[in-house]
Amino acid sequence: MAIHALTHEDLPRLLLDDLDRARGRLRVRRPGRADHYIYLEEITTALATAWLRQPHHSWPRTTNPHLLVSRISATDPTKPMLSTEVTKTVFERAGLPARRLREDRIYDEARHTADPVHLMRLFGLGKATAMKYVTATHPDKRPDPIAP
2 MAIHALTHED LPRLLLDDLD RARGRLRVRR PGRADHYIYL EEITTALATA WLRQPHHSWP
62 RTTNPHLLVS RISATDPTKP MLSTEVTKTV FERAGLPARR LREDRIYDEA RHTADPVHLM
122 RLFGLGKATA MKYVTATHPD KRPDPIAP
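For the sequence shown, position 148 (counting from the first letter as 1) is numbered 149 according to my numbering, and the numbering increases by one without interruption.
Be a bit skeptical, because a hint or two may be false.
Claimed, not checked - Lysine to any residue pairs mimicking SDA-like chemistry, simulated, CA-CA at most 25 Å apart:
id, residue 1, residue 2
1, Lys133, Arg106
2, Lys80, Gln55
3, Lys133, Thr8
4, Lys133, Tyr40
5, Lys89, Gly127
6, Lys133, His119
7, Lys80, His58
8, Lys89, Leu53
9, Lys142, Glu104
Bear in mind the hints are in silico, worked out from the structure with no lab data behind them. These figures come from a predicted structure and were not determined experimentally.
Taking the hints into account, I'd like the entire structure generated from these sequences.
What follows is the structure, encoded as C-alpha cells:
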C-alpha cells in the first residue's frame, strides 16, 4: 500500500488472479473506472509470493479468490472479501491512517517529478487530482495554456 499508494478500499478487492508474478504486475480493480496496473519491483513480488503461501498453510481448503483473506473470510462458503474497515483499522492502529499514507506517497512522487501524466499512470489518478498534487508541491510551476 505504501509504495504503490493503494487505498484501503483497493486492498480487499484484489483477487488472486490479479497478481501476475511472471510479469511482475498487479491489477487493481476500481468500480466505475478502468483497471489500473501496478508494476511490482522485485521485493514486492517476493513478499507477495511469500504471502500467497500463508493462506494455503493456514487454510489449505480455502476457495476464497481474494488475495487478502482473514481466518473468517478464508473459511466462509460465500467467499467474501475483507471488510474495508479491517484494512483501514490495521493502519490506524499503527498510527498511520491509510488515506494519509496514500497522500504522502503521492505528494512525495509529485515533489520528485512534477509530471501529472506520470502520477496518473503510476497511481491511477484522474487529471484534476494529478494536477492538484503537482500544484501543491510545485506552486511556482503553472501549466502553459498556449503550449501545444
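Would you mind confirming whether the straight-line C-alpha gap from Lys133 to Arg106 stays at or under 25 Å? holds, 14 Å
Pair hint outcome, Lys133 versus His119 [Cα-Cα no greater than 25 Å]: holds, 13 Å
For the pair we were handed, Lys133 and Thr8, check the Cα-Cα distance against 25 Å. Measuring from Cα to Cα gives roughly 18 Å; hence the hint holds.
Given the proposed pairing of Lys80 with His58, does the C-alpha separation stay at or below 25 Å? Holds - the C-alpha atoms of His58 and Lys80 are around 18 Å apart, at most 25 Å.
Is Lys89 within 25 Å of Leu53, Cα to Cα? holds, 21 Å
Hey, Lys80 versus Gln55, does the alpha-carbon distance stay inside 25 Å? holds, 17 Å
With the threshold set at 25 Å, check whether the alpha-carbon distance from Lys142 to Glu104 stays at or below it. holds, 20 Å
Lys89 paired with Gly127 [C-alpha distance capped at 25 Å]: Given pair Lys89, Gly127 holds - Cα atoms ~23 Å apart, limit 25 Å.
When you check the alpha-carbon spacing of Lys133 and Tyr40, does it fall within 25 Å? Distance of about 24 Å is within 25 Å: holds.
Of the numbered hints listed earlier, not one is contradicted by the structure.
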